[in-house]
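Each chain, written out:
Protein chains: 2
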Amino acid sequence: MSSMRTNYCGLVTEELLGQTVSLCGWVHRRRDHGSLIFIDLRDREGLVQVVCNPEQAEMFKVAEAVRNEYCLRVTGVVTARIGNTVNNNLKSGKIEIVASAVEVLNASVPVPFQLDDDNLSETTRLTHRVLDLRRPQMQNNLRLRYKVTMEVRKYLDNLGFIDIETPMLTKSTPEGARDYLVPSRVNAGNFFALPQSPQLFKQLLMVANFDRYYQITKCFRDEDLRADRQPEFTQIDCETSFLTEQEIRDLFEDMIRIVFKNTLDIDLPNPFPVMDFATAMGLYGSDKPDMRVKMAFTDLTEVMKDVEFKVFSGAANMTGGRVVGLRVPQGGTMPRSEIDAYTQFVGIYGAKGLAYIKVNEKAKGAEGLQSPIVKNLHADALAKIIELTGAEDGDLIFFGADKAKVVNDAIGALRVKIGHSDFGKKAGLFDDVWKPLWVVDFPMFDYDEESDRWTATHHPFTAPKDGHEDMLETNPGACIAKAYDMVLNGWELGGGSIRIHREEVQSKVFRALKIDAEEAQLKFGFLLDALQYGAPPHGGLAFGLDRIVTMMTGSDSIRDVIAFPKTQRAQCLLTNAPSEVDEKQLRELHIRLRNAEPKIV
Amino acid sequence: MSSMRTNYCGLVTEELLGQTVSLCGWVHRRRDHGSLIFIDLRDREGLVQVVCNPEQAEMFKVAEAVRNEYCLRVTGVVTARIGNTVNNNLKSGKIEIVASAVEVLNASVPVPFQLDDDNLSETTRLTHRVLDLRRPQMQNNLRLRYKVTMEVRKYLDNLGFIDIETPMLTKSTPEGARDYLVPSRVNAGNFFALPQSPQLFKQLLMVANFDRYYQITKCFRDEDLRADRQPEFTQIDCETSFLTEQEIRDLFEDMIRIVFKNTLDIDLPNPFPVMDFATAMGLYGSDKPDMRVKMAFTDLTEVMKDVEFKVFSGAANMTGGRVVGLRVPQGGTMPRSEIDAYTQFVGIYGAKGLAYIKVNEKAKGAEGLQSPIVKNLHADALAKIIELTGAEDGDLIFFGADKAKVVNDAIGALRVKIGHSDFGKKAGLFDDVWKPLWVVDFPMFDYDEESDRWTATHHPFTAPKDGHEDMLETNPGACIAKAYDMVLNGWELGGGSIRIHREEVQSKVFRALKIDAEEAQLKFGFLLDALQYGAPPHGGLAFGLDRIVTMMTGSDSIRDVIAFPKTQRAQCLLTNAPSEVDEKQLRELHIRLRNAEPKIV
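Protein chains in written order, with full-length UniProt numbering: chain A, 1 to 601; chain B, 1 to 601.
So here's chain A without its partners, still in its complex pose:
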């Protein structure tokens, strides 16, 4: 490989028996065994055992002095291990290196934790990130991440996509999430924004005849962080001209299938199932349902309109209200304590309670149903519940009744929670395989009660279904978008849409969103301009790379698939960014800190 080493430690095998090799790596463990010293030497490919014999006094003296995480260069002969000293857990486990020379390339102070300690706090790990990254898990995660990106690049390259870089210093358009801003020194009082996505630029590239574009690029959103969010995240961003929605979905479905196959040898289903948004919300209360969970909602809104139980009938008769049942097969054995815990759980999502019925013996009618609410539901309603949910004796049915959003969020989360629970797994309610899904036919607009206006469900550049253009202003709630999300095991891997390529349709959407002509021109004038010069039909998709790799590696957090992530307080514990800066720097940027400003009486 080089003048310093001939092989990677972890790749030395019995094929090299008898050969002299030079290896560079770190002392993973050092053991004094009577007269011999054993060193497990580690590099990025794994471990190899080095044996140091006291007959070579000088070398042995060096070996005696080394400690964990010293960086060494070792030369020696590849020798077979004998009998029970063979370690079948290691690729190099059938051999060891009988050292003839050991050189300390760099010493190490004692490490603050053992690299194989699996119970480190995240603060410890992020503060000592360099050591944390030496752990096999992090090495594997980042190498898998790389493999995923290379598979994506190869796949897209073969199809004629080309990677084109779009600007990092761009224009602030305060739609959607909060922008990260960058003050301009040359243009006093003005600011760049870091891109939330290359959305508009990739559309411009389509108008500019690049035909097929991709980019694996950083995006930025200054939002309050949750477990699966980072201030900067990486998007596999794609756009193409002259393809239909179906063709775009097929193309990227193949891509994901190939990525899973070529990196983890996982066969995803072919084709992915497709479900429209309305069905997904109806059955699972979610636009990214976890299809591994084998339970679904039964809509009972109609059934509950005339029952005595006010919680149900109130929700059933309310505008935008909804009543659903969630049948839990074999749930009748669930102890009261577990039901109470679920009641608390749905409270997180705004549910005011969690009604349930245990189906002891359905043939007996109300008699056979065990529940505080049975007496407030008339016989017809009870019969309908059993019929529509398909409940069998021994099952339990949970109910949600409230505004649709509360019901969907609460019972949707409950469905997943029960499915993933020990009970759910035992009861066969969880299918532990990869379950991808396309969710399609999203609404164009969501109604935002707070601001009393329609907002774009995806983004304002999403095209409506053919024929829906005329309803954009007259009946926005009925407009369906050519939008699609790829969902895997309850996570959104990516999403996209056919874009609007006609200026007059784009202007209509802006009007539907109450963005007037002047504001549209100010913020998106360059897009409206571009659309007038023969913009082609185009569409695309963006995948969240961090999330895909988190899923593929089975990591708890996207921080485990990012080399140098931020904490949930948006800080880098390694470098202490963000930090204070010189007054001179602020002056050059024509800004000052608010707390540093002079007080005015």
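Do not rely on the hints blindly, as some may be mistaken.
[What the hints assert, rightly or not] In silico lysine to any residue, SDA-like type, Cα no more than 20 Å apart, as pairs:
id, chain 1, residue 1, chain 2, residue 2
1, A, LYS514, B, ASP582
2, A, LYS154, B, THR263
3, B, LYS147, A, ILE373
4, B, LYS288, B, VAL505
Don't read these hints as lab results, they were simulated from the structure.
Following the hints, complete the assembly by docking chain B onto the known chain A.
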């Protein structure tokens, strides 16, 4: 290819004769030829000619209405062109499409300029960037850029390098260039900086045992822009452990050779010549000499110490002064006006004048030399000039005498200017081929007179040559670095170094740079920490992608190889970034504008 089209316009050839094809593209030109309408339809692969016949009345009506840059879908039969209608400049020039259907996918308003107009102002081009990008030149530039990056990725992937993303939101370390800052909302009064390069992170990745890293990534410097600078630029950033300087250079020399071969079929020399920094400065006054120019300096400092001509003897005797001659073969015919122009030219670099001697007949001694200064140079000096420069009759010798920096800059630039001039090309002083070069053995430090201290020539993480560690503090000016630049035709393509991997050497360098322990800890504590945990010997290199592609495409400016560049005022004329932002946004970021602050008496 898809339901909308079967082929790319530019790729339809006689192999498809008789077949019906569907094409999507833009109207490049439309010509009414008597009864027929010809449309040159353009997509990213090129042009194809479409013929519309009035016998198909409906289709013909559409064809009559289309104008330049309309986006069309055309279906028709591939038909041979006859006789002199064949166009050998086009890949599709032997055929035309006899249209059976023409569909307008999108109309276009009249374009503000013809796409094939080569005399557009940069302002026009950047304002209408989307149309500008449709021009074949820009299409080719960005596709070549992509090919270069894919070749780089394939090459590095084969060698086990892996792409690891480093943070965009990082710590401000006001060394080197000015940082772009990003105010933190969550951490009031603190700022992220956009990275000037991933230097420290890639070193940390080596300490973390990733062994071989690369990244093609954006870097940011808030400097005043020159023709070849952008606020954000793209670096091919590489780092490896356990390789020597020579091995690293070999590896990346191969990479560049393969990139040139596989994209442009250009054979660069193998191996690249290597020159040390001192020689480069001595012979060319530059650490990135343009080796195509076949002229070099002759150092005359010693020769001029005792001449009467004060300009020469003063510089020769000054500390840090230098006198050089630049022999211009056959320069004796140069008219006075051209010499005057060069005198003005070197003034840009601080030279106070430009002495010269025309060698009319050297056998005659001073008699045969034509110059205002000859009378102030004694015979010995004149003889030495002729001898050392190797001047022949008919040559001209220019002189530079001043502080070494002024001489190097001025006469170095003059050398290139003359070499590239019509005169230089006629006189055979310019070899029009690719001339790569490694410049090595840079000094560790430069002395900065203004601040009266030593600064790092490359950066403070560069390792000194073996044995030079002890001079870092005692004789910094004598320390040579393990640093190397790759130069091509007078441009620096990339540069790198072996890095310091021992904490005590790093601390010594900080002390040599007058960075005290406290400041070092504050700014670079995380690096010093990491070096203590068995950091491996490591080094690397970074290439400027924009510049490489600019050279490869023969572009005038790096703006021609960037899809959406900024102007020299750091503005995007397309989107009008940077722009003003809402007061609310500023308040959330805990900053205010200086010009908006209340006046205090």
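We went through each hint and held it up to the structure:
At roughly 19 Å between alpha-carbon atoms, LYS514/A and ASP582/B fall within 20 Å of each other, so this suggested pair holds. Between the alpha carbons of LYS154/A and THR263/B the distance comes to roughly 17 Å, so the proposed pair stays at or under 20 Å and holds. The straight-line distance between the Cα atoms of LYS147/B and ILE373/A is roughly 68 Å, outside the 20 Å bound, and the hint therefore fails. Distance check on the hinted pair: LYS288/B and VAL505/B sit about 29 Å apart at the alpha-carbon level, beyond 20 Å; violated.
Going down the numbered hints, you'll see the structure goes against 3 and 4, while the others check out.
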